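Sequences are here, hints too, so could you generate the full structure?
Top to bottom, those sequences are chains A, B and C.
When we follow this note's numbering, the leftmost residue of the first sequence carries the number 1, and every step to the right adds one.
When we follow this note's numbering, the leftmost residue of the second sequence carries the number 1, and every step to the right adds one.
When we follow this note's numbering, the leftmost residue of the third sequence carries the number 1, and every step to the right adds one.
Since the hints were made in silico from the structure, they are not lab data.
None of the values given here were measured: they were computed from a predicted structure.
Even glycine gets a Cβ: it sits at the ideal position worked out from N, Cα and C.
Some hints here could point you the wrong way.
If you anchor each label on the Cβ, the simulated ranges turn out as follows [claimed, not checked]: (1) N219(C) x E90(B): 56 to 64 Å; (2) E366(A) x W54(C): 28 to 36 Å; (3) L112(B) x T230(A): 22 to 30 Å; (4) E366(A) x E162(C): 43 to 51 Å; (5) A500(A) x F159(C): 46 to 54 Å; (6) I6(B) x R202(C): 46 to 54 Å; (7) L140(C) x E275(A): 39 to 47 Å; (8) E366(A) x D57(C): 21 to 29 Å; (9) T3(B) x R202(C): 23 to 31 Å; (10) E513(A) x I275(C): 54 to 62 Å; (11) L361(A) x D57(C): 23 to 31 Å; (12) L140(C) x G91(B): 33 to 41 Å; (13) F159(C) x K69(B): 39 to 47 Å; (14) G101(A) x F21(B): 55 to 63 Å.
Computed list of lysine-lysine pairs in DSBU-like fashion (alpha-carbon distance at most 35 Å, straight line) [said to hold, decoys possible]: (15) K200(B) x K426(A); (16) K207(A) x K245(B); (17) K69(B) x K480(A); (18) K175(B) x K567(A); (19) K480(A) x K49(B); (20) K49(B) x K68(A); (21) K49(B) x K140(A); (22) K69(B) x K207(A); (23) K174(A) x K49(B); (24) K250(B) x K28(C); (25) K94(C) x K250(B); (26) K567(A) x K197(B); (27) K394(A) x K94(C); (28) K245(B) x K28(C); (29) K207(A) x K197(B); (30) K49(B) x K97(A).
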Amino acid sequence: MKMKTALLGAAASFAMAPAAFAERGADGHVNIIYWQAPSILNPYLSSGTKDIESASLVIEPLGRYDEKGNLVPYLAEDIPTVGNGGVSEDLTSITWKLKSGLLWSDGSPVTSADVVFTAEYCMHPEGGCAQLAKFEGVDKVEAVDDLTVKVTFKEPKPNPYGPFMGGQSPIIQKAQFENCLGAKAPECTDANFGPIGTGPFSVDEFKPNDVISMSANPNYRDPAKPAFATLTFKGGGDAAAAGRAVLETGEFDYAWNLQLAPDVLAGMAAAGKGEAISAFGTLVERIEMNWTDPSPDLPEGERSTAAHPHPFLSDLRVRKALSMAIDRDLLVEVGYGQAGRPTCNLVPAPELYASDNTDCLTQDIEGAKALLEEAGFTPGADGVRVNADGVRLKVLYQTSTNAVRQDFQALIKQWWTEIGVETELKNIDASVYFGGDPGSPDTFQKFYADVEMYANNFDGTDPEPYLAQYGCDKAPTPDKQWQGENINRYCDPAYDALLAELSRTGDLEKRGEIAKTLNDMLTKDSYTVVALVDRGRVSARSNTLGGVVLNTWDSELWNAADWYRMK
Amino acid sequence: MLTYTIRRLLIAIPTLLFISFVIFMLLELAPGDPLADQPLTVPPEVREKMRIALGLDQPGWVRYLLWLKQFFWTEPLYMIDGWLGTSFSEGGQRIISWQFRSPAMDVIWQRLPQTLWVVGLAYLVGVIIALPIGIISAYRQYSWFDQIGTFVSMIGFSVPTFFTGVVLIIIFAVKLQWFPSIYDTTLEVTDAASFWKQVKQMIMPVTVLALFNASQISRFMRASMLDNLGQDYVRTARAKGMSEKVVVLKHVLRNSLIPVVTVIALGIPTIFGGAIITEQVFKVNGLGQLLIVAIYANDLPMVQTLTFMFAFLTVMFNLIADILYGVLDPRIRYD
Amino acid sequence: MTELSAQKVDQALKPPRNQWWDVWDQFKTHKGALAGLFIFVAIILAVTVGPWIWSIDPTYVDIRARNQGPSLAHPFGTDQLGRDLLARLMAGGKVSIAVGMTAMLLSLFLGTLIGVVAGFFKRVEGFLMGMTDLFLSLPLLPLLLLMVTLFREPLSQRFGPETGIFFLIVFAIGVTSWMQTARIVRGEVLALKEREYVLAARSIGTPSRRMVMRHILPNVMSPIMVSATLGIANAIITESALSFLGLGFPPDFPTWGRILFDAVDQMQLYPIRVILPGVAISLTVLSVNYIGDGLRDALDPRIRGR
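Below, the structure written as structure tokens:
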């Protein structure tokens, strides 16, 4: 009896302990599962989401994006702006100030030398740094004093928050990586597998492509955090298994990116062990139209190049009709549920840059038929439309292998068949499709199909580099080894001119205006990009894990320091 | 027999070199790109630099020769260093995985224990239950035991493991909550409690794999026993008044083992190849998962190394099977 | 005595019966084999004649009718896009059985040929077994990727997309699964060729070809039969893995393996979707196994006599 009362008392005092008395490590152990396993903890050597997000528990940038896309300081005292004098008036330099008293997990102080070294590490010509794009246009990075770093750009930079901002560009310790510059980067296995950081956790053991064991960083800047003493980060398997482990068996506390059919996810959540959480970012599932002729009858080297315009997709009315035949609400319902919403935009967020273009949202089969009729395509004997020159509306529709994408293919094929467009489907393994091997006919850059579907997004909150992908000179061609991002081979001088204007404009309002126009030129004006679904992120947390704020603008584990066990 | 073995071993060297070359060419020619899993936000110029950092700007034959040197020279030296504390391998570049940017062999060694525990044990269990089932099924052909055995083994290999695995998880991990659905590779067996934990997490993957292996082997065992039970020498042995046990277990069994030995010998190297699907379903993350992820990521040095080690084991175990044929049936002569 | 000899004379006077009738007579006595044959024929009929009777298009998406349970309109219910499951199973079965049978026959043919030749003719043994080792060690996925890259377009241009891919898949599965059969057959042949009857046949000058066909092959039938049943299951499942990876048929083209694979995530919500294709595959393999058992017994003259 006595024993029992004592226990009850202890339990009660735990339950009543206010959060302010929280103590580092008081909540024991937390389990995280990612169905893609991290292979390295150095984001400068791999840009895979799994690698960046697992590393974000350990190493931190100067500032991050929060769940609304706002910039928040992490290692920096505050976010430099033109207003507070941190960014120069002419937009050519930015000066960061570190918080004072920061320590690495090994106890040594964090100084501006570490920040300068991080830039040197990534900008080394032989390093093959995965985040080099973040440092584009950087002239030099220099330490002003022990805690101040100044980044100078070669030309005015309207968005100076490339280097050291967000999960892709964290600060690494100079002492640890000093001998790992350039070609020597892969020789530093210990450093790449266990970077010393400033984040809430530090690495105890890293098993590549399998599991990471971590424990609380004893020198973390907030003495009360993190609430968890140890952490296991398991990788591998598939989204269904990860969801099951959190929602149904309760073995894990947090599961990342559950790309599952809405009813499957709802069925799992019904077990009552956890809940699915979702948030939206800039990821858009879209159909890209090929402006060039992919016919296999053309000689290799001329196929899918600007030399041969597409026989019917170069007609705006055909492209528009294909878009009108699609019921985006139904696609969302079948494929994404709470994690998707129909969109007509290439840039769906942030608000400043998102166009109010909604005219594609209602399906209009009859309108599509009329439009094809107007373009001169009339139904033949088999129901497939043909024009006077004998051009048949037959499209090859390719995408990567993924259950939701295959369902989309089946649905869209049905609608297109209804308006008299014959559709052949093809799915390609993602490692080949996105691989960019110039020897393979099946890559998305080569685009040996009439239309193709995939999803893409942009880092951070500035869409300029993303919109710049559709410039004329970015089209993949055989002499460029099929490298290039303008996979539609879209080319409009007016678009290029507006892009140039965007890169010169510093005023945010003005930038928003231009970005919206560019977005509309690609979508509602030309139907080059037929946006389908604004895809959110769905993750799952167990009912006992508190403090989770799902963030799609940065690493999902951005605030792991604030996570705690709900009693 | 000894000269035969030595001759075969000598022939194995050029065979293996040829196999390594074919594997390399195959991986070279197959489509794919080690940067496929990098997000599309990484621009093409940066990708090109990353490729060069991986050594992909070198022509294929240079990379092949480099791999040969690393596998047959640097890696053995490194192992010797590890045992003796010497430093022969100083300065030599080891085989570097493109995914991890770290020595491929280290990860392979790290994966070996869980693979052997789960896949190896499942194979052992499979063989141990398959042999008696095959023997009894044949001896009592068309009895109820045989019929059930046939039925279960047909289910065993016609229903894929990606299905049986998930069924077990739903029954035993989700509904009954007896076993964990995720294998914990960090678990170290130190006492009775952790041993029990290890047993609990191994039961489901081992069952799935063992069922699959046992159904295959038991079919071959049964067929081969049936062939021999009808032979004249069995009648003679019985007529001589030998006990049934001696006739079946000594004469018939021994003569029936050749196909079974072949199948088992082919199976042992696949233990080291891991069980790709089962490992994925239960998150065992052994060699099979290492290989399949490396293939998807186009991590050519890792795939080449793993596949070659697998080839080496295949050649060796097939040699062992050939030698065993001679032991089982002394009439087989190789010279 | 006289009666007996009279019977003998009677028998001798009868016109000689085709030996396949004997085989059929023996086969008929094997209950399991008959049942297997019956089920197998039923499955073949269902997948070939079935679509004529149940004429819903297996790829027709009726989104309003998705995720439905069994009803009169859809006896097996519908899938997540409202496609009729019965129609999909019939269409899928045609492909799966065709791929399974042809790929199995190809792999069996290759395996038996290489196994017999390697076991019987010493000169080529080293080379053929080296080849076997090579094929055993090649990583399957890159090999298939390479084959698809090289041959998909030329084949679909020559034979049309579906037939072209059918050839490609059968070839890919056949070429990558003959090695086990080859090793087993060779092991058996090595032992058989030292048997007395082979020695006897050789001493009367039987040519190698006849020796293999008449004396060696019939005696390695039973492991080959086992390989055949294992081979069908293996081919059906490999095909599903191939199409899943995008190396096989177009994504809306149903096959048993694929229907099963696609439904695994929804197993708890709609168990019928995994049970039906699973049962279909198992039944096919089971019936082929029993037919194989019966055939083996029927072909064995020692058993047939009894």
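Going through the hints against the structure:
1. N219(C) x E90(B): 56 to 64 Å: This hint holds: roughly 60 Å between Cβ atoms.
2. E366(A) x W54(C): 28 to 36 Å: Holds, at about 32 Å.
3. L112(B) x T230(A): 22 to 30 Å: holds, 26 Å
4. E366(A) x E162(C): 43 to 51 Å: Distance hint for E366(A), E162(C) is violated at roughly 33 Å.
5. A500(A) x F159(C): 46 to 54 Å: holds, 51 Å
6. I6(B) x R202(C): 46 to 54 Å: violated, 30 Å
7. L140(C) x E275(A): 39 to 47 Å: Holds: the Cβ-Cβ distance is about 40 Å, inside 39 to 47 Å.
8. E366(A) x D57(C): 21 to 29 Å: holds, 23 Å
9. T3(B) x R202(C): 23 to 31 Å: holds, 26 Å
10. E513(A) x I275(C): 54 to 62 Å: holds, 58 Å
11. L361(A) x D57(C): 23 to 31 Å: Given a distance of about 29 Å, which is inside 23 to 31 Å, the answer is holds.
12. L140(C) x G91(B): 33 to 41 Å: Taking Cβ atoms as reference, L140(C) and G91(B) lie about 37 Å apart, which means the hint holds.
13. F159(C) x K69(B): 39 to 47 Å: holds, 46 Å
14. G101(A) x F21(B): 55 to 63 Å: holds, 59 Å
15. K200(B) x K426(A): Answer violated: K200(B) to K426(A) is near 43 Å, above 35 Å.
16. K207(A) x K245(B): violated, 52 Å
17. K69(B) x K480(A): holds, 34 Å
18. K175(B) x K567(A): Holds: K175(B) and K567(A) sit about 25 Å apart, inside 35 Å.
19. K480(A) x K49(B): holds, 15 Å
20. K49(B) x K68(A): holds, 33 Å
21. K49(B) x K140(A): holds, 20 Å
22. K69(B) x K207(A): Holds - the C-alpha atoms of K207(A) and K69(B) are around 27 Å apart, at most 35 Å.
23. K174(A) x K49(B): holds, 23 Å
24. K250(B) x K28(C): holds, 34 Å
25. K94(C) x K250(B): violated, 46 Å
26. K567(A) x K197(B): Answer holds: K567(A) to K197(B) is near 26 Å, not above 35 Å.
27. K394(A) x K94(C): holds, 27 Å
28. K245(B) x K28(C): holds, 33 Å
29. K207(A) x K197(B): holds, 20 Å
30. K49(B) x K97(A): This hinted pair holds, its Cα atoms lying about 31 Å apart.
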